[in-house]
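Number of protein chains: 2
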Amino acid sequence: MAADAPLHPDVSPLATLLGTWQGRGAGEYPTISPFGYVESITFGHVGKPFLAYQQRTRGTDDGPPMHAESGYWRVPSPGRAELVLAHPTGVTEILEGELVATATGLLLDLRSTSIGLTSSAKDVTATQRTFGVDGDTLQYTFRMAAVGEPMTHHLEATLHRTPASG
Amino acid sequence: MAADAPLHPDVSPLATLLGTWQGRGAGEYPTISPFGYVESITFGHVGKPFLAYQQRTRGTDDGPPMHAESGYWRVPSPGRAELVLAHPTGVTEILEGELVATATGLLLDLRSTSIGLTSSAKDVTATQRTFGVDGDTLQYTFRMAAVGEPMTHHLEATLHRTPASG
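If you're matching them up, the sequences are chains A and B in order.
With the first letter of the first sequence counted as 1, position 28 gets the number 27 in numbering that gives the first Met the number 0; the numbers rise by one all the way through.
With the first letter of the second sequence counted as 1, position 166 gets the number 165 in numbering that gives the first Met the number 0; the numbers rise by one all the way through.
Okay, chain A solo, but in the shape it has when bound (with noise of 0.2 Å):
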């Protein structure tokens, strides 16, 4: 996803975006114990007009592999952000709303707009996402609606920029 290509206008309101940030994490949920990770988050651009995104998370530093998820960010018309994100867990996500620039960074406030789910999936029913940016910060928040339990709080990270590589 290394970038030889100018980045798309559409999506410079998300340029602060792009790279690499890592963190730490904390999820809860009515229905399971409390638990911590840490997190890796990826954007990249090829000179179209979206961002792809990976984000990975593991118990531990060096633990094994706990969460993943992967997609693309939208900017469909000034001030707006739209998500396409696909889960290992069987679900996927469009989230839509607001995109604001701040002096020193951006805010996203996303709602779910379409819950995909296979067979096998858990009952996800729908989704809130905040996002912010700023400076070197990026931080997030995650609410669910799922399996019977009403939009709840499940999860929060701090993560920091990485020196970009290579």
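Possibly wrong hints are sitting among the right ones.
Cβ-Cβ distance ranges computed for the label pairs, FRET-style [stated by the list, open to error]:
(1) A:P149 to B:G58: 22 to 32 Å
(2) A:S39 to B:K121: 45 to 55 Å
(3) B:D61 to A:G147: 28 to 38 Å
(4) A:S39 to B:P162: 27 to 37 Å
Covered stretches of chain A, as calculated for chain B (at least 3 residues, CB under 8 Å) [claimed, not checked]:
(5) 70-83
(6) 90-103
(7) 113-119
What the simulated footprint calls covered on chain A by chain B, stretch by stretch (three residues with Cβ under 8 Å from a Cβ of chain B suffice, anywhere in the stretch; the number is not a length) [unchecked claim]:
(8) 33-47
(9) 129-135
Since the hints were made in silico from the structure, they are not lab data.
Please read these numbers as outputs of a predicted model, since none were measured by experiment.
Cβ atoms here follow ideal geometry from the backbone N, Cα and C, with glycine treated the same way.
Given chain A, put chain B in place with the hints provided.
Below, chain B alone, put in the same frame as chain A:
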């Protein structure tokens, strides 16, 4: 996505897919002019019960990126497969169907059970995909019902397994 863990037994029926495939395809649809493309598909794993899937096409070998998609392949029960896909065009696909092991590879016949669309995406309503692996050759077809057209052939491609690198 380099695997230092053994392949999860649930996805062992998909083991022949692991690695990178490259080849050429042809596209058509009632609403567009026919086109050719070159394609690269990569399947990886991290020891969990799914394969990670990344696909990219270009119009020519050194042309700019055309399409891309990413997601995960699952085997929920013997003889069944689930695909969980995100597209940068604002579309998510969940497909389910039969997985058949052959003497020299496998066959998959999958139909969409859920399509998600962002507000700015084209109107895709259903998709069908077949995949066949015969030794070091992978062939697929892709049909879709979209933009008012009924289920119609859209893509076919033939790819070859590339030698494993480092």
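Results of checking the hints against the structure:
{"no.": "1", "hint": "A:P149 to B:G58: 22 to 32 Å", "verdict": "violated, 48 Å"}
{"no.": "2", "hint": "A:S39 to B:K121: 45 to 55 Å", "verdict": "violated, 32 Å"}
{"no.": "3", "hint": "B:D61 to A:G147: 28 to 38 Å", "verdict": "violated, 52 Å"}
{"no.": "4", "hint": "A:S39 to B:P162: 27 to 37 Å", "verdict": "holds, 28 Å"}
{"no.": "5", "hint": "70-83", "verdict": "holds (count 7)"}
{"no.": "6", "hint": "90-103", "verdict": "holds (count 5)"}
{"no.": "7", "hint": "113-119", "verdict": "holds (count 7)"}
{"no.": "8", "hint": "33-47", "verdict": "holds (count 3)"}
{"no.": "9", "hint": "129-135", "verdict": "violated (count 0)"}
Violated hints, in rising order: 1, 2, 3 and 9; the structure is consistent with all others.
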